[in-house]
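Residue numbers (numbering that gives the first Met the number 0), protein chains in the order written: chain A, 0 to 292; chain B, 0 to 360.
The hints are simulated quantities; they were obtained by calculation from the structure and are not laboratory data.
Computed from a predicted model, the values in this text were never measured in an experiment.
It is possible that part of the hints are untrue.
To be verified - Taking lysine-lysine and the DSS-like style, the derived pairs with C-alpha atoms no more than 30 angstroms apart in a straight line are:
id, chain 1, residue 1, chain 2, residue 2
1, A, K31, B, K235
2, B, K309, A, K79
3, B, K309, A, K115
4, B, K309, B, K172
5, A, K115, A, K54
6, A, K175, A, K83
7, B, K309, B, K266
8, A, K115, B, K88
9, A, K54, B, K172
10, B, K88, B, K10
11, B, K341, B, K10
12, A, K83, B, K341
13, A, K127, A, K138
14, A, K164, A, K54
15, A, K87, B, K341
16, B, K235, A, K279
17, A, K83, A, K31
18, A, K175, A, K79
Claimed, not checked - If the Cβ cut is set under 7 angstroms, some of the chain A residues that face chain B in the computed set are:
id, residue
19, L33
20, T76
21, A81
22, P84
23, L85
24, A88
25, I95
26, Y102
27, V136
28, G182
29, N186
30, I273
31, M277
32, V278
33, T281
Don't be surprised by glycine CBs; every beta carbon is placed ideally from N, CA and C.
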Amino acid sequence: MAFLENLINGISLGSIYAVIALGYTLVYGIAKMLNFAHGDVIMVGGYVVFNAIVKANLNPWVSVALAVVACTVLGITIEKVAYKPLRKASSLSVLITAIGVSYFLQNMALLVFGEKPVTFTSVIDIPKISLFDGKVVIKGETTAAIIASILIVIGLSLFVNHTQKGRAMLAVSEDKDAAQLMGINVNSTISLTFAIGSGLAAIAGVLLCSSYPILSNTTGAMPGIKAFVAAVLGGIGSIPGAMIGGITIGVIEILGRAYISPQLADAIVFAVLILVLMVKPTGILGKKINEKV
Amino acid sequence: MKKKLNVQTRKSFVTYALLLIVIIAVEIMVNTGNISSMLQGLLVPICVYAILAVSLNLTVGILGELSLGQAGFMCIGAYSSAIFSNLVKDSITEPMIRFPLAIIIGGICAAVFGIIIGIPVLRLRGDYLAIVTLAFGEIIKNVFAALYIGYDSAGLHISLKSQGDLNLASDGKMIINGALGISGTPNDSTFEIAAVILFITLIISYNFINSRTGRAVMSIRDNRIAAESVGINITKYKLITFGLTAFLAGVAGVLYSHNFYSLQASKFDYNLSILVLVFVVLGGIGSVRGSVIAAAVLTMLPEYLRSINKYRMLFYAVILIVMMICTSNATVRNFFVRNFEKLKGLIIKKKSAGETAKEGE
Numbered sequence: 000m001a002f003l004e005n006l007i008n009g010i011s012l013g014s015i016y017a018v019i020a021l022g023y024t025l026v027y028g029i030a031k032m033l034n035f036a037h038g039d040v041i042m043v044g045g046y047v048v049f050n051a052i053v054k055a056n057l058n059p060w061v062s063v064a065l066a067v068v069a070c071t072v073l074g075i076t077i078e079k080v081a082y083k084p085l086r087k088a089s090s091l092s093v094l095i096t097a098i099g100v101s102y103f104l105q106n107m108a109l110l111v112f113g114e115k116p117v118t119f120t121s122v123i124d125i126p127k128i129s130l131f132d133g134k135v136v137i138k139g140e141t142t143a144a145i146i147a148s149i150l151i152v153i154g155l156s157l158f159v160n161h162t163q164k165g166r167a168m169l170a171v172s173e174d175k176d177a178a179q180l181m182g183i184n185v186n187s188t189i190s191l192t193f194a195i196g197s198g199l200a201a202i203a204g205v206l207l208c209s210s211y212p213i214l215s216n217t218t219g220a221m222p223g224i225k226a227f228v229a230a231v232l233g234g235i236g237s238i239p240g241a242m243i244g245g246i247t248i249g250v251i252e253i254l255g256r257a258y259i260s261p262q263l264a265d266a267i268v269f270a271v272l273i274l275v276l277m278v279k280p281t282g283i284l285g286k287k288i289n290e291k292v
Numbered sequence: 000m001k002k003k004l005n006v007q008t009r010k011s012f013v014t015y016a017l018l019l020i021v022i023i024a025v026e027i028m029v030n031t032g033n034i035s036s037m038l039q040g041l042l043v044p045i046c047v048y049a050i051l052a053v054s055l056n057l058t059v060g061i062l063g064e065l066s067l068g069q070a071g072f073m074c075i076g077a078y079s080s081a082i083f084s085n086l087v088k089d090s091i092t093e094p095m096i097r098f099p100l101a102i103i104i105g106g107i108c109a110a111v112f113g114i115i116i117g118i119p120v121l122r123l124r125g126d127y128l129a130i131v132t133l134a135f136g137e138i139i140k141n142v143f144a145a146l147y148i149g150y151d152s153a154g155l156h157i158s159l160k161s162q163g164d165l166n167l168a169s170d171g172k173m174i175i176n177g178a179l180g181i182s183g184t185p186n187d188s189t190f191e192i193a194a195v196i197l198f199i200t201l202i203i204s205y206n207f208i209n210s211r212t213g214r215a216v217m218s219i220r221d222n223r224i225a226a227e228s229v230g231i232n233i234t235k236y237k238l239i240t241f242g243l244t245a246f247l248a249g250v251a252g253v254l255y256s257h258n259f260y261s262l263q264a265s266k267f268d269y270n271l272s273i274l275v276l277v278f279v280v281l282g283g284i285g286s287v288r289g290s291v292i293a294a295a296v297l298t299m300l301p302e303y304l305r306s307i308n309k310y311r312m313l314f315y316a317v318i319l320i321v322m323m324i325c326t327s328n329a330t331v332r333n334f335f336v337r338n339f340e341k342l343k344g345l346i347i348k349k350k351s352a353g354e355t356a357k358e359g360e
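Take these sequences, add in the hints, and give me the full structure.
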């Protein structure tokens with residue numbers, strides 16, 4: 000029974016990773032860059048919700064909507080200020096800039112929201128589900144995370160495959176120059192990608208902080224990196240892949256924590272990354288890209 | 000006719016000379032007492048950070064890959080050497096013998112780890128490599144923070160659980176106490192030794208860059224496929240560079256651990272790796288001299304400007320972003336180059352005018 004509970008917790012954590020991983024996978028697919036700051040956008044989303052509820056006494060739903068808007072604006076701003084000037088630069092420069100942005104957000108949050116970690120109150124009011132005469136209890140947060148991630152993955156897949164904007168995103172990820180020749184505005188498409196990714200990060204932030212209620216300026220860093228691992232495992236650029244990768248990583252982490260060693264759970268997750276990259280670098284659902292000279 | 004020195008050699012000799020002058024000046028200041036105690040306390044850390052920055056520059060500037068595991072390698076060097084020094088501090092009392100041994104042990108342990116980690120990791124490139132090295136740095140930190148080592152007459156006891164788990168005899172002594180870290184390390188790091196090590200680091204780095212190996216590594220950076228097609232063994236050269244970076248980071252860790260009585264693994268976190276990256280970026284990617292200068296300036300600056308200390312990290316983040324946009328965006332770079340050219344034009348024109356006048360005489 001304990002195993003079942005761990006498994007469900009793992010799926011729940013994995014669902015949150017999946018939502019974060021979607022942000023990585025979209026941006027990586029289209030801008031061909033690792034948005035290091037993505038994890039920190041989650042943290043900003045968490046703080047916006049926290050302050051909206053505790054300080055401004057807003058309704059939880061309004062707060063979440065506010066966080067989504069705030070993170071979307073933040074994501075677009077980051078893209079315009081830091082990444083857009085480097086569109087043609089080497090990947091090393093882009094990576095260092097992304098690290099700079101991540102570090103900037105962490106330390107800005109330290110100054111704006113204070114050094115002391117705050118305790119996040121869950122915004123989710125779904126009742127607990129008891130199974131097997133109360134031997135297995137599924138918390139409301141767990142249910143919410145799983146349902147939210149499924150809805151997001153379905154919604155996003157529909158958006159990308161069946162709308163004009165979504166297909167423009169696919170075209171840009173395939174070939175930027177060719178897409179431009181076909182009349183697609185590449186810059187606005189990239190901005191849209193960042194906007195969607197960051198909006199999802201806000202939702203992921205709410206889900207994460209509801210399940211793991213300690214919120215500090217580095218809250219987003221580790222989940223961000225693990226979600227990137229999930230995106231790589233599922234195959235970068237693939238939306239269903241992010242879901243599969245996220246849940247796999249979540250389950251591995253929780254089971255590793257429960258049955259192997261609590262200190263080494265992170266190490267196990269990273270070992271998975273290395274293993275995947277050595278055996279099948281394109282991930283489970285990724286496409287093979289041939290390198291051109 | 001006097002043989003002209005190669006540009007690279009001249010560059011390295013200028014750096015050696017500058018460093019030597021600074022070291023001698025500081026040494027005179029220390030001996031005549033013309034130095035504030037604050038600055039004196041910063042001397043060893045400055046050397047440590049300079050070594051770290053130079054070593055990271057080998058990976059970032061020469062190999063063209065980003066490693067965020069610098070703090071992890073430093074941690075290995077620091078811990079392994081501190082364990083050694085703690086074990087032998089009663090048997091080898093002479094620091095001039097003990098400390099060089101500690102440096103070698105720390106450096107080699109870090110290099111071995113670097114190569115072990117490097118074999119799987121260096122198949123990756125770019126973003127993947129950065130994130131995996133970051134992950135390894137965190138893992139190393141976490142493992143050391145959970146490590147308990149003690150020794151008694153029966154030998155070493157190692158545990159990953161708790162102090163009680165070690166089952167030490169009554170004469171036992173703790174060396175590493177989990178998250179509390181390591182304490183009682185002899186205070187062997189002096190400015191003189193640190194300066195000598197920094198000097199050796201520079202010699203190693205310059206000679207590495209200008210060697211056949213260094214050129215091979217740079218060809219991988221500039222065009223991996225072309226390098227591979229002329230028969231350069233990419234994995235081998237990447238491993239050499241990565242190992243050397245880890246070795247030097249380990250040596251810096253030794254200096255660092257022997258500068259403090261007690262040391263916690265939590266000091267070797269992600270922020271430290273980023274700090275070293277800031278030194279490299281500000282000093283100029285690929286520039287050894289720049290790394291040393293940036294490390295020295297950025298270590299001293301916050302101490303003198305206590306009032307801005309709160310904004311220090313924010314400032315580092317801005318450095319990373321602004322430096323990258325200034326050097327990598329064509330529009331911004333051209334703007335700088337144009338204005339710089341104008342400035343340079345003024346100076347050079349004057350010079351050439353002077354030369355023609357000389358020739359006319």
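Hint-by-hint comparison with the structure:
Taken as a hint, the K31/A and K235/B pair is honoured in the structure, with Cα atoms around 28 angstroms apart against an allowance of 30 angstroms. Restraint check for K309/B and K79/A: satisfied, since their Cα atoms lie roughly 27 angstroms apart, inside the 30 angstroms limit. Annotation: proposed proximity of K309/B to K115/A holds, straight-line Cα distance about 15 angstroms (limit 30 angstroms). Taken as a hint, the K309/B and K172/B pair is broken in the structure, with Cα atoms around 39 angstroms apart against an allowance of 30 angstroms.
A C-alpha spacing of about 16 angstroms is found between K115/A and K54/A, which places the hinted pair at or below 30 angstroms, so the restraint holds. Distance check on the hinted pair: K175/A and K83/A sit about 14 angstroms apart at the alpha-carbon level, within 30 angstroms; holds. Simply put, K309/B and K266/B have alpha-carbon atoms about 18 angstroms apart, close enough for the 30 angstroms limit, and the pair holds. Our distance criterion of 30 angstroms between C-alpha atoms is broken by K115/A and K88/B, whose separation comes to about 41 angstroms.
Proposed proximity of K54/A and K172/B is contradicted: the alpha carbons are some 51 angstroms apart, above 30 angstroms. Straight-line distance between C-alpha atoms of K88/B and K10/B comes to about 41 angstroms, which puts the hinted pair past the 30 angstroms bound. Under the criterion of a C-alpha separation no larger than 30 angstroms, the hint pairing K341/B with K10/B is consistent with the structure, at around 25 angstroms. Only pairs whose Cα atoms come within 30 angstroms are accepted, and K83/A paired with K341/B is accepted, the gap being roughly 28 angstroms.
A hinted pair counts as satisfied when its Cα atoms are at most 30 angstroms apart, and K127/A with K138/A qualifies at roughly 5 angstroms. The straight-line distance between the Cα atoms of K164/A and K54/A is roughly 37 angstroms, outside the 30 angstroms bound, and the hint therefore fails. With a CA separation close to 26 angstroms, the supplied pair K87/A and K341/B stays within the 30 angstroms bound. Taking the CA atoms of K235/B and K279/A, the gap is near 22 angstroms; set against the 30 angstroms cutoff, the hint holds.
Only pairs whose Cα atoms come within 30 angstroms are accepted, and K83/A paired with K31/A is accepted, the gap being roughly 12 angstroms. Only pairs whose Cα atoms come within 30 angstroms are accepted, and K175/A paired with K79/A is accepted, the gap being roughly 18 angstroms. A distance limit of 7 angstroms between C-beta atoms decides the matter here; for L33/A the minimum to chain B is near 4 angstroms, and the interface restraint holds. Hint status for T76/A relative to chain B: violated, with the closest Cβ pair at about 13 angstroms, above 7 angstroms.
A distance limit of 7 angstroms between C-beta atoms decides the matter here; for A81/A the minimum to chain B is near 5 angstroms, and the interface restraint holds. Hint on P84/A holds. Least Cβ distance to chain B is approximately 4 angstroms, under the 7 angstroms limit. Contact between L85/A and chain B, as hinted, is supported at the beta carbon level, the nearest pair being about 6 angstroms apart and thus within 7 angstroms. At its closest, the beta carbon of A88/A sits 4 angstroms from a beta carbon of chain B; the interface hint therefore holds under the 7 angstroms criterion.
With a least beta-carbon distance of about 5 angstroms to chain B, the hint placing I95/A at the interface is held under the 7 angstroms criterion. Satisfaction of the interface hint for Y102/A is found here, the shortest Cβ-Cβ separation to chain B being roughly 4 angstroms, below the 7 angstroms cut-off. Because the smallest distance between the Cβ of V136/A and any Cβ of chain B comes to about 30 angstroms, over 7 angstroms, the interface hint for this residue is violated. A hinted interface residue such as G182/A counts as satisfied when its beta carbon comes closer than 7 angstroms to some beta carbon of chain B; here the least separation is about 25 angstroms, so the hint is violated.
Taken as an interface hint, N186/A does not check out: its beta carbon lies about 15 angstroms from the nearest beta carbon of chain B, beyond 7 angstroms. Checking I273/A against chain B: minimum C-beta separation of about 5 angstroms stays under 7 angstroms; hint holds. The restraint placing M277/A at the interface with chain B holds, with a minimum CB-CB distance near 6 angstroms, inside the 7 angstroms limit. Taken as an interface hint, V278/A does not check out: its beta carbon lies about 11 angstroms from the nearest beta carbon of chain B, beyond 7 angstroms.
At a threshold of 7 angstroms, the smallest CB-CB gap from T281/A to chain B is about 12 angstroms, leaving the interface hint violated.
Hint compliance for this structure: hints 4, 8, 9, 10, 14, 20, 27, 28, 29, 32, 33 are broken, all remaining hints hold.
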